[in-house]
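*Asks:* Dock chain B against chain A, hints included.
There are 2 protein chains.
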Amino acid sequence: MEYRVLILGSNSALPAYGRHPSAQYLRFGGHNFLLDCGEGTQIQMQRFRAKGRKLSHVFITHLHGDHFFGIFGLLQSFNLLNRTEALSIFGPPGIKDLIYRILQLSGNPLQYPCEINEIEAKERTLLYDAENTSVYAFPLKHRVPCNGFIFAEKRPSVSLCKDKLEEYGVHPHLRESLRRGEDYRNEEGEVIPAELFYKKMADPRVYAYCSDTMPFPELITYLEGVTTLYHEATFLNTEKARAEETGHSTAKQAAEAALNSSAKKLIIGHFSSRYRDFGPLVKEAKETFSSTYAAVEGRWMDLV
Amino acid sequence: MEYRVLILGSNSALPAYGRHPSAQYLRFGGHNFLLDCGEGTQIQMQRFRAKGRKLSHVFITHLHGDHFFGIFGLLQSFNLLNRTEALSIFGPPGIKDLIYRILQLSGNPLQYPCEINEIEAKERTLLYDAENTSVYAFPLKHRVPCNGFIFAEKRPSVSLCKDKLEEYGVHPHLRESLRRGEDYRNEEGEVIPAELFYKKMADPRVYAYCSDTMPFPELITYLEGVTTLYHEATFLNTEKARAEETGHSTAKQAAEAALNSSAKKLIIGHFSSRYRDFGPLVKEAKETFSSTYAAVEGRWMDLV
Chain A
18 MEYRVLILGS
28 NSALPAYGRH
38 PSAQYLRFGG
48 HNFLLDCGEG
58 TQIQMQRFRA
68 KGRKLSHVFI
78 THLHGDHFFG
88 IFGLLQSFNL
98 LNRTEALSIF
108 GPPGIKDLIY
118 RILQLSGNPL
128 QYPCEINEIE
138 AKERTLLYDA
148 ENTSVYAFPL
158 KHRVPCNGFI
168 FAEKRPSVSL
178 CKDKLEEYGV
188 HPHLRESLRR
198 GEDYRNEEGE
208 VIPAELFYKK
218 MADPRVYAYC
228 SDTMPFPELI
238 TYLEGVTTLY
248 HEATFLNTEK
258 ARAEETGHST
268 AKQAAEAALN
278 SSAKKLIIGH
288 FSSRYRDFGP
298 LVKEAKETFS
308 STYAAVEGRW
318 MDLV
Chain B
18 MEYRVLILGS
28 NSALPAYGRH
38 PSAQYLRFGG
48 HNFLLDCGEG
58 TQIQMQRFRA
68 KGRKLSHVFI
78 THLHGDHFFG
88 IFGLLQSFNL
98 LNRTEALSIF
108 GPPGIKDLIY
118 RILQLSGNPL
128 QYPCEINEIE
138 AKERTLLYDA
148 ENTSVYAFPL
158 KHRVPCNGFI
168 FAEKRPSVSL
178 CKDKLEEYGV
188 HPHLRESLRR
198 GEDYRNEEGE
208 VIPAELFYKK
218 MADPRVYAYC
228 SDTMPFPELI
238 TYLEGVTTLY
248 HEATFLNTEK
258 ARAEETGHST
268 AKQAAEAALN
278 SSAKKLIIGH
288 FSSRYRDFGP
298 LVKEAKETFS
308 STYAAVEGRW
318 MDLV
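Residue numbers (our numbering), protein chains in the order written: chain A, 18 to 321; chain B, 18 to 321.
Only chain A is shown next, with the shape it has when bound in the complex (with noise of 0.2 Å):
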């Protein structure tokens, strides 16, 4: 199973130096989604080939038009490859009508199933819920409503050692009652605890992209179990007081958000046009958290 994002588009509002507004394709658990939509993301996706018909499901964060410009021109051309899979649009409240509205006037009503879920969560508020992956919304802090959006896989929370349960003889019929946590006891009387079966499992891997936001204190809690945390890095921390004044955070900040999470990798963009090289507000953000990397378009990254 695919666990790993496509950077798209890495730049802030402005596009700089061949680099785009803001797009993620993101393989997960064997989903295709895609995080924010900003004008070219469609020529970025062939560009990297990248599937469109795969996708099932747009996330749109808020409505800057760096993050949204681009659903247009996708929908339109899902339209002229014939799409027949449905595909489901969650966003902030207002873009349903104006992609209808749009659509409609450039004369190219959407012909395949498509739900747009209009949303601006108050909470951590779960929004799919597939077999092996939940996706859930929750708020940042920007100037305008804004949701954060969360991939989190689902694993058994229990596997059984096969050694052990080799090296107890244990009755396959009993191996249930062990996940439940009964504990077992063998021919001689002796109980053996259930804990003693069970499999040292990884973490499930939790995505979370955090788009346009400041710091916020509740922030933490939403992140709850992530693994591996894309936010924003639009400035360097000596532009605080503008980063402030627009909404965004600075490269020392997203890493403190990782460093006060559990994310074990944090990945930065939205990198300000200012930054010709967004070199530096890599090297800041590992001065508090190592492990940073830079969303580089076009790269592939591992979501640990």
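Hints may be right or wrong, so weigh each one.
Simulated DEER-style distance windows between Cβ atoms [claimed, not checked]: (1) 117(A) x 101(B): 48 to 58 Å; (2) 117(A) x 139(B): 21 to 31 Å; (3) 124(B) x 200(A): 56 to 66 Å; (4) 173(B) x 129(A): 33 to 43 Å; (5) 291(A) x 238(B): 23 to 33 Å; (6) 317(A) x 102(B): 33 to 43 Å; (7) 47(A) x 139(B): 48 to 58 Å.
Simulated crosslink set (EDC-like; lysine to aspartate or glutamate; CA at most 20 Å straight-line) [unchecked claim]: (8) 216(B) x 199(B); (9) 113(A) x 114(B); (10) 113(B) x 184(A).
Far from chain A, by Cβ distances over 12 Å, these chain B residues were calculated [claimed, not checked]: (11) 36; (12) 59; (13) 83; (14) 102; (15) 114; (16) 138.
Since the hints were made in silico from the structure, they are not lab data. By construction, the Cβ of each residue, glycine as well, lies at the ideal position given by its N, Cα and C atoms.
*Replies:* Chain B alone, transformed into the frame defined by chain A:
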């Protein structure tokens, strides 16, 4: 004075092979105009160093997404760049409300003077009249209302040949009457026809932009005086039925429009994504009109 056009997008609706939807940056007699604005236009402008700040007018032919989905991002970026220069937009009915609605919803109402003019030309109609350039709209024939645009160089109708004036010893104060067509009478009373002093002038440059159209009889009258013609050539002539069905032209039909007009040069574009290589489209057009050139993205093309 520069007369050339930078191709920003050369593909039809579905972006393909790195080709983008329609847009051209036109330098014409000291003016900077944008013709159509498909998704990604602002990014293409950056890539090919076409200055947004210098744009005074944007002309949108029709409301199919591949001709206008880039306008929102472009206008928003002008905000972010603190533009103060005025901008005029000409486009089909409906565009004004749409632009205002989207920019308001995305929290970016325009902060510079921007006049949006809705037009649906029924005949050749003057839109803009500057000292050395006139811009006209005229109707094309497509699935939705669609304007073509003409950019015409203004030249003094008569220019006098310096050598001839010296040869005949014409006093400077008589030059104006010569320009008016009054014959010259020399000291011996001999009458010299005014035409003898007239310089042979090249035709004024006239660039016509026919974005999306099927052939129709009136086109030739709208193109009167054109010297360089851009005409869409979505399909090869083997797909003539498909072209007609979708309101488009074949390369052969584009060449026929050039041949029947006064054009000296034809540029074809809006290539269907079914053609990875547009060579065969150019070859087909050249069989009818030899001075045919492909719209190649990133290329500045001289207007004759």
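*Asks:* Against this structure, judge whether each hint is valid.
*Replies:* Quick rundown of the hints versus the structure:
1. Between residue 117(A) and residue 101(B) the C-beta distance comes to about 35 Å, which lies outside the given range of 48 to 58 Å.
2. The beta-carbon spacing between residue 117(A) and residue 139(B), approximately 30 Å, falls within the hinted interval of 21 to 31 Å.
3. Hint check: residue 124(B) to residue 200(A), Cβ distance near 60 Å, so the stated range 56 to 66 Å holds.
4. A hinted range of 33 to 43 Å is violated for the C-beta pair residue 173(B) and residue 129(A), which are about 58 Å apart.
5. Between residue 291(A) and residue 238(B), the C-beta spacing of about 52 Å breaks the proposed range 23 to 33 Å.
6. Restraint check, residue 317(A) to residue 102(B): a C-beta distance of roughly 42 Å satisfies the suggested window 33 to 43 Å.
7. For the hinted restraint 48 to 58 Å between residue 47(A) and residue 139(B), the CB-CB distance of approximately 55 Å keeps it satisfied.
8. The suggested pairing of residue 216(B) with residue 199(B) holds, with an alpha-carbon distance near 16 Å, which does not exceed 20 Å.
9. Between residue 113(A) and residue 114(B) the alpha-carbon distance is near 17 Å, which keeps this suggested pair within the 20 Å criterion.
10. Taking the CA atoms of residue 113(B) and residue 184(A), the gap is near 76 Å; set against the 20 Å cutoff, the hint is violated.
11. Distance check for residue 36(B) against chain A: the nearest CB is about 9 Å away, which does not clear 12 Å, and the non-interface claim fails.
12. Listed as a non-interface residue, residue 59(B) fails to keep its Cβ farther than 12 Å from every Cβ of chain A; the least gap is roughly 6 Å.
13. For residue 83(B), the condition that its CB be more than 12 Å from all CB atoms of chain A is violated, with the nearest at approximately 8 Å.
14. The Cβ of residue 102(B) sits about 17 Å from the closest Cβ of chain A, beyond the 12 Å cut-off, so the non-interface label holds.
15. Against chain A, the non-interface label of residue 114(B) is violated: not every CB pair exceeds 12 Å, the least being about 9 Å.
16. Residue-level check passed: residue 138(B) sits 19 Å from the nearest beta carbon of chain A, beyond 12 Å.
Going through the hint list in order, the structure does not satisfy hints 1, 4, 5, 10, 11, 12, 13, 15.
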